[in-house]
Structure formats: structure tokens, C-alpha cells
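Asks: Chain residues, written in single-letter form:
There are 2 protein chains.
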Amino acid sequence: MIKIPGKSDILRASEIIQPYIHRTPVLTSETFNKLIGAELFFKCENFQKAGAFKSRGAVYVVMSLSDAEAKKGVATHSSGNHAQALARAASIRNIPAFIVMPSNSPQVKIDAVKQYSGHITFCKPTLKDREETLQKVIDNTKAFEVHPYDNFSIIAGQATAAKELLEDVNNLDLILCPVGGGGLLSGTALTTHYLSEKTEVIACEPSGADDALRSFKTGKIIPSVNPETIADGLLTSLGKRNFPIIQQYVKDIVTVSESSIVAAMRLLFERMKIVVEPSAAVPFAALLENKVAAKTKRIGIILSGGNIDLKQLPF
Amino acid sequence: MIKIPGKSDILRASEIIQPYIHRTPVLTSETFNKLIGAELFFKCENFQKAGAFKSRGAVYVVMSLSDAEAKKGVATHSSGNHAQALARAASIRNIPAFIVMPSNSPQVKIDAVKQYSGHITFCKPTLKDREETLQKVIDNTKAFEVHPYDNFSIIAGQATAAKELLEDVNNLDLILCPVGGGGLLSGTALTTHYLSEKTEVIACEPSGADDALRSFKTGKIIPSVNPETIADGLLTSLGKRNFPIIQQYVKDIVTVSESSIVAAMRLLFERMKIVVEPSAAVPFAALLENKVAAKTKRIGIILSGGNIDLKQLPF
Numbered sequence: 001m002i003k004i005p006g007k008s009d010i011l012r013a014s015e016i017i018q019p020y021i022h023r024t025p026v027l028t029s030e031t032f033n034k035l036i037g038a039e040l041f042f043k044c045e046n047f048q049k050a051g052a053f054k055s056r057g058a059v060y061v062v063m064s065l066s067d068a069e070a071k072k073g074v075a076t077h078s079s080g081n082h083a084q085a086l087a088r089a090a091s092i093r094n095i096p097a098f099i100v101m102p103s104n105s106p107q108v109k110i111d112a113v114k115q116y117s118g119h120i121t122f123c124k125p126t127l128k129d130r131e132e133t134l135q136k137v138i139d140n141t142k143a144f145e146v147h148p149y150d151n152f153s154i155i156a157g158q159a160t161a162a163k164e165l166l167e168d169v170n171n172l173d174l175i176l177c178p179v180g181g182g183g184l185l186s187g188t189a190l191t192t193h194y195l196s197e198k199t200e201v202i203a204c205e206p207s208g209a210d211d212a213l214r215s216f217k218t219g220k221i222i223p224s225v226n227p228e229t230i231a232d233g234l235l236t237s238l239g240k241r242n243f244p245i246i247q248q249y250v251k252d253i254v255t256v257s258e259s260s261i262v263a264a265m266r267l268l269f270e271r272m273k274i275v276v277e278p279s280a281a282v283p284f285a286a287l288l289e290n291k292v293a294a295k296t297k298r299i300g301i302i303l304s305g306g307n308i309d310l311k312q313l314p315f
Numbered sequence: 001m002i003k004i005p006g007k008s009d010i011l012r013a014s015e016i017i018q019p020y021i022h023r024t025p026v027l028t029s030e031t032f033n034k035l036i037g038a039e040l041f042f043k044c045e046n047f048q049k050a051g052a053f054k055s056r057g058a059v060y061v062v063m064s065l066s067d068a069e070a071k072k073g074v075a076t077h078s079s080g081n082h083a084q085a086l087a088r089a090a091s092i093r094n095i096p097a098f099i100v101m102p103s104n105s106p107q108v109k110i111d112a113v114k115q116y117s118g119h120i121t122f123c124k125p126t127l128k129d130r131e132e133t134l135q136k137v138i139d140n141t142k143a144f145e146v147h148p149y150d151n152f153s154i155i156a157g158q159a160t161a162a163k164e165l166l167e168d169v170n171n172l173d174l175i176l177c178p179v180g181g182g183g184l185l186s187g188t189a190l191t192t193h194y195l196s197e198k199t200e201v202i203a204c205e206p207s208g209a210d211d212a213l214r215s216f217k218t219g220k221i222i223p224s225v226n227p228e229t230i231a232d233g234l235l236t237s238l239g240k241r242n243f244p245i246i247q248q249y250v251k252d253i254v255t256v257s258e259s260s261i262v263a264a265m266r267l268l269f270e271r272m273k274i275v276v277e278p279s280a281a282v283p284f285a286a287l288l289e290n291k292v293a294a295k296t297k298r299i300g301i302i303l304s305g306g307n308i309d310l311k312q313l314p315f
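Read top to bottom, the protein sequences are chains A and B. Using this note's numbering, read the first sequence as starting at 1 and increasing by one per residue. Using this note's numbering, read the second sequence as starting at 1 and increasing by one per residue.
Think of the hints as simulated: they come from the structure by calculation, not from any bench. Being a predicted model, the structure only gives us computed values, none of them experimental. Note that beta-carbon positions come from the ideal geometry of N, C-alpha and C, so glycine has one too. Misleading hints may appear alongside valid ones.
If the Cβ cut is set under 10 Å, some of the chain B residues that face chain A in the computed set are [said to hold, decoys possible]:
| no. | residue |
| --- | --- |
| 1 | C44 |
| 2 | V108 |
| 3 | Q115 |
| 4 | R271 |
| 5 | G305 |
| 6 | N307 |
Okay, chain A solo, but in the shape it has when bound (with noise of 0.2 Å):
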């Protein structure tokens, strides 16, 4: 895809990837309503295969290549959802998928692209040798460089979720999102401005990683620099295919404090009963920090991922 998705595009992404995603549920919480005093509807991407949104744009990107192209596999650097994620989408076509993966990741992320037969590359864990080795493996390989959110199929592929939400739970006022490279944000902002015009997106970001909101303010990608946060999944510089369409389409951006995040988190685990990355919980600490005008409204939050070492909760 080399232009920003329109409407048919993300209808068109739902339907192709809709066999081999889940169909994630929304979940409600009475508890959670009094506290914030909104409704709150919360669409559990944290529930989807391989633990995280990214299954979504991943699948529709391996599902959209031509026959010639998916025989050479697919390759990515991440060390985080969009690797695993890759390489089950690349498992299902059959493909392979190669990944580079610095060598500090998390045992349980290098165990979970294997467990989907991905072929690992290590590197040094800085962005120049991630770059520098992919681009090895792919003159290597001949393989198909898919970027975690600076592609438009990805995009289209992400939005996708909101779509979902958007289906199951009418009159929404507000959507908030986080915010990290800005593939699910972009993808959100441009469903939502497609199938629910009066419904508003907000993206919600660490304050310790917050150059989304530096780069909304001031017009132009301001890269992430050392970022200190516990959501690990938003530690990326924005993309500069999703930034334009979150300038356009997301109303605001909002910063949360690190005990919030994981306040949020705990509040989830143990009301709503489910697995959240620190992530996945920005979105609402965002409403219990009262970073949001919520009161009496309908609010969607996607909830993001569930990719946690349990081992090490933070609470």
C-alpha cells in the first residue's frame, strides 16, 4: 500500500485477516464506571493471538503479498509483539520469517518468535546495528522488510481493532489509544474518523517517553531519546507515515506519570481479571489521573497487549 488507507482499505484488511485473528471481546466493569464516572468499554487486545494488536497488521501484511514476493519470507528487527507477531503470521503462509533481535531481549520474547519457527538473528542492542543487520539478513534473504508501524499496510491492518469496537458499541464520544511508534494510534484515528466522525481519539503516552506529545506540539518528529518508562512496548520514536495522519486525525495527546501506569494495571489485574502489559494500562491511567474530560461520557480503551513476564509485576 502506498498511500494513506482509505475506508475500503481497512474494511478490506478486516476482512482478509478475520480467519486467522481473534475477534477480541469488550469488556465492561461497573466498578471501574463509578471511578472515573464514564462508561468505559475496553477492547481486549491483550486476548489476541500472540498476545497484542500487532497479530492484526502483521497477518494482513503476509496475507497481501503476491506468491512470488512471500517465498522469500518475510524480516523485521523488534524485540518486542511485532516479532512474535511477524513470525506467526509468517508460520501460518508458511513462510519464513526472519527476525533480528538484540542480544539483551528477554529470554521469553526470543522464546516465543522461536516457538513460531522464527529464524533469529542477534545484534548489538542499538538501533544503528538492528538497522545494519536487517539489512544483511534482507540482501541475504531477498525477504520482505516489514516496519512494526511505519507502513501503511501495517496501519491499515491495526485499525482494524477499532473498527471492531466501533461495531460493538455505539455512540462512543471518545476513543484513547497509546501511543509508541503510532501504528495503532494512526490506524485507530483514521477508522474512527471513517466510521464514527463524532467520536474524538486521544493518544495517552508516558510521561517519561513522551515525544509523541513534543512532536504534536511542535509540528514535526521529535525522536524518542532515551526513554525511561515501565511500558515498554512505547518506548519507539513516531513513524513518518503515521505521524501526518495523527496530526490530522487525533484530537489531543496526554502524558502519564509511571506510578499511574502501574495503579492502572494492578486496578485491571485485579477487577477486571485480566493479564495487561504496563503498555496496555496508559490509556486508563490516563482517566484515573484525570488527564481526560471523561465525566458522563461513552469511552472506548484499547487495551493493547498482554505480554508480561509475571515474574517481575510491578505491583
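Given the structure of chain A, go ahead and fit chain B onto it with the hints provided.
Replies: Chain B only, in chain A's frame:
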């Protein structure tokens, strides 16, 4: 209700409680299906109001009371999920709930009952003192006693979980259900008999609390004496109203080890991304232990609850 609930009683219970409970989702996992070699459908009563299926029966009893009965409130002794569920149900109807709790109840359970405005009377942690204290409370208040499982209306209420499961998933070969006092099990067995006669119901029990198995094999209720298991929801003995239903409609009872209960819990947290209490993990433990002939079957599993202290995870 003075006799075994019929099909129409269960359908009526389902209709009456519907505005006050969650229709909980059914989750699936490709990974688990591969692991067990079957198709598994998990009915997530851990997401139920007050964190367990107990809300179904409690709401049904409370909503079925006449205004005259209701006025004086409801009463029970419980240190577990029934206490919270009954307090919540009473709060919906705006009537008092008198809950007798052993003095050694976990603070988290006491807090939950208080949150729903339950009136707590503490007693010594023996069955004798629980029953005597409850009798005194009832003598003083004239409140309506709601036994946690040995009550036909409670059975009709708990039966609605399997009703929803059978509506959402067709052609189940088997439903697996944990057994403690037998409220959920007798309800599940009745619904399944009425709505899907070819579906078998198998109960799962910790081997350290195997009174249901021994009762089932000998044909008379054998009380649970000094049960030892992490599954704190399954410590009680079978009720006299529950046992005949179980004898007639349950195909078999299987037992599982403590280590496989913990392994099952851990898999449910890590792979299904859900919080379950140990009792809820018992049926999946039976599959992990190969205690049930599962291969190629379509199997429903009732995950009974999710109330657990996250500071004390056993893995």
C-alpha cells in the same frame, strides 16, 4: 423453589438475572487446542460481577424474594465468593445483607463484602460456630437465609452459565466443571441435560479434597474432612439437594494434583492473559493431567472465578 429446577425454571432464572450480571465471553486458544489435541472453549466466569459465577445464584434468589421477604434482608455464612456475591445482589435491591464471616477471613474478602455494604458478623473459624452465629443473626433480623449451594434457586441461578455456553458454542461433546459444594456442578448438569443431552458433564476436583468423588463412587454423601488444597473454593462438602442431581446427570468425577492446578493457573495467566483463582483452574488441570478422554473433542470449560490475592501467586 422447593423441587429440582426444570428447564423452564432455568430459562426464567436466566431472564431475571440478565440485567444484573455480565454475559461473560467464551475465549479460545490455538496454543491450548494444540497442547490438548482438542477444541477448548473457556466460559469466563472469572469476569462475572463480583469476580465469580456465584453472582448468578445470589442475584436470582434476591430478585425472586417477595417484597415482604426482601425487606428484612438476606443472610449467609461464607468466607468466600458467595459472601461478596450476596452482598452485591442485596445492594442492587437496596436491602441489607448479613454476612457471618470467620475471624480469620482474608482482609481482601472482608473489604469486598464491605464495599457492597454487607453487614459483617465475625465468628470463630469452625463450621459449628459459623452455623450458630448465623442462626443468632437470623433470629435477630428475621433475614432470609441463602445457602451458598444447597438451595434449588441457587442451583437454577448457577445453571445459567452453562446455558450461555451452550448457546454460544454448538456441538459440545463435553463440559468440564469444578466441584466443591456442588452448586455450579448440579446447575451445569441440569442445563446440559435439558439443552444438549448428548453433551457429557465431567466434574473435576483436587485430589486433596476428593469428597465429591468418594460420595459419587459410594452413593452417599461423604463429608469433606480436613481437605488440603490450594483451591480454596472447593473445600466444602456436597449439599443434599445437589448430590442426587450430580448422581443422575454427571458422567464422572476426576481428581487432579496440586502441582497441575498451579501449572494450569500459570498457563491461563501466561497464555490466555486472564486472572483465575486456583479453583477455576482445576478442570484445565484435569486436561493437562490427561484425566479426561479429550482427543478431537469439543470441550467447554467453566472458569468459575478470578478472586485471588495477586501478592500470593503460587508460581
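Asks: Would you mind marking each hint as holding or not holding in the structure?
Replies: Here is how each hint holds up against the structure:
1. C44: Holds: closest Cβ of chain A sits about 8 Å from B/C44, inside 10 Å.
2. V108: holds, 9 Å
3. Q115: Holds - the Cβ of B/Q115 comes within 10 Å of chain A, reaching about 8 Å at its closest.
4. R271: Holds: closest Cβ of chain A sits about 8 Å from B/R271, inside 10 Å.
5. G305: Since chain A brings a Cβ to about 9 Å from B/G305, closer than 10 Å, the hint holds.
6. N307: Nearest chain A Cβ about 8 Å off; hint holds.
Violation of the numbered hints given earlier is absent; every hint is satisfied by the structure.
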